[in-house]
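*Asks:* Sequence:
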Amino acid sequence: MPETILIGSLPPPLTGQTIAFQMVCEEFQERELPYRVINLSGGEHTRPEGGFTLRRLIQLLNPFFRALILLFGKKNLYLSAAQNWVGFLRDSIFILLAAIGRQRIVIHVHGGNYNGFYASLSPWQQHAVRAFLKPVDTILILGKSLRGMFDFEPALRDKTQVVFNGLPYDIEDLSVEPKHLPSGERPKLLFLSNLIVSKGYLQVLEALHILVDDLRIDAECHFCGSFVLASDICPYATPEEAEADFLQRIEKLGLGEHAFWHGPVDGNRKLRFLQKSHFFLLPTRYVYEGQPISIIEALEFGLVVITTPYRTIPEMVEDGKVAELIPFGQPEKIARAIESYIREPGKFEAMSRASIDRYRETFTRKQHSNKLIPLILG
1 MPETILIGSL PPPLTGQTIA FQMVCEEFQE RELPYRVINL SGGEHTRPEG
51 GFTLRRLIQL LNPFFRALIL LFGKKNLYLS AAQNWVGFLR DSIFILLAAI
101 GRQRIVIHVH GGNYNGFYAS LSPWQQHAVR AFLKPVDTIL ILGKSLRGMF
151 DFEPALRDKT QVVFNGLPYD IEDLSVEPKH LPSGERPKLL FLSNLIVSKG
201 YLQVLEALHI LVDDLRIDAE CHFCGSFVLA SDICPYATPE EAEADFLQRI
251 EKLGLGEHAF WHGPVDGNRK LRFLQKSHFF LLPTRYVYEG QPISIIEALE
301 FGLVVITTPY RTIPEMVEDG KVAELIPFGQ PEKIARAIES YIREPGKFEA
351 MSRASIDRYR ETFTRKQHSN KLIPLILG
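For the sequence shown, this note's numbering assigns the number 1 to the initial residue and increments by one for each residue that follows.
For each label pair, taking beta carbons as the anchor points, the in silico distance ranges come out as: (1) ILE93 <-> ARG216: 53 to 63 angstroms; (2) GLU32 <-> TYR236: 43 to 53 angstroms; (3) ASP245 <-> PRO63: 28 to 38 angstroms; (4) ARG66 <-> LEU215: 55 to 65 angstroms; (5) ARG360 <-> GLN59: 35 to 45 angstroms; (6) GLY346 <-> GLU318: 14 to 24 angstroms; (7) ARG130 <-> ALA350: 47 to 57 angstroms; (8) ILE93 <-> GLU32: 27 to 37 angstroms; (9) GLY329 <-> ARG186: 22 to 32 angstroms.
Derived from the structure by calculation, the hints contain no laboratory data. Cβ coordinates follow ideal geometry from the N, Cα and C atoms, glycine included.
Start from the sequences and build out the full structure, keeping to the hints where you can.
*Replies:* Below you can see the structure in the form of structure tokens.
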């Protein structure tokens, strides 16, 4: 069997894309398939500050030197693709090497903005994108609604294959039952994602304020993630400024006993938040959003999911049956939706059960890998 060269970024940092790539690497190892990993993240949380050093240059060039193996023998290339120009330039080198070596090429687009990225380019850049993508054998996307991302080149659309994301870890040893709202305890809300403005964390805070002050519901919300700046909505100059503003908002709204920021969480700590929480909130319109893995985690643990009808999310969860889909920018509707479930415990438990059922039908790690791995191997 040909060796597969897996190219992408491993955690840290913790993002949907790095977690998904880690899962692919683990699956190859568990199945004892021949592979090697070229890690583009370098294992760093952030880029080092200061001048350009020889060490940094070697670190940047190392993946390309290692990828020269694509020129020799029979190989498969699996590439976790970028959705920006600098990332594309990097990707194009790997694709070129594989094309020269006549290797099978599979790229995996973990977001939903490839058409937006293409539209932002100049004509010569667009020509380069089309030219470098033509040798690709298979383009993996997250949902049927994203096939249109490649309408700029009809031949590419025909190469797309849909693979839903899956839970990035096995929890068969955990007994997950539908949740209920215990009497005498606060309902617990959970925002489990990087704190990016366009992912809606400020709207979640405002919804909590409405719940507590206007609707008189004694709820609490736990925010788990790092502050990250994004290009789509960026009112802050630095992540530190975003953090300071968020903490000031909590104080100003009088939510010091209701809103808690924990930073990034992983492993057993993340599982505890999922086990103890009742509602999962992700009112996102993040430009690179595709199919949030955090929603899959929430479904598996039976949280009631409140999110937006954005990108592939309506393919993941049916509005009103598996989740509440509320358009971006409507914190009052989020608060009212939470209130309705708190006032009707039976409705809450039914939705919790529907969440678990949807996860088990569609989003297990086994279902994901059983479709993904054969498409990589060809």
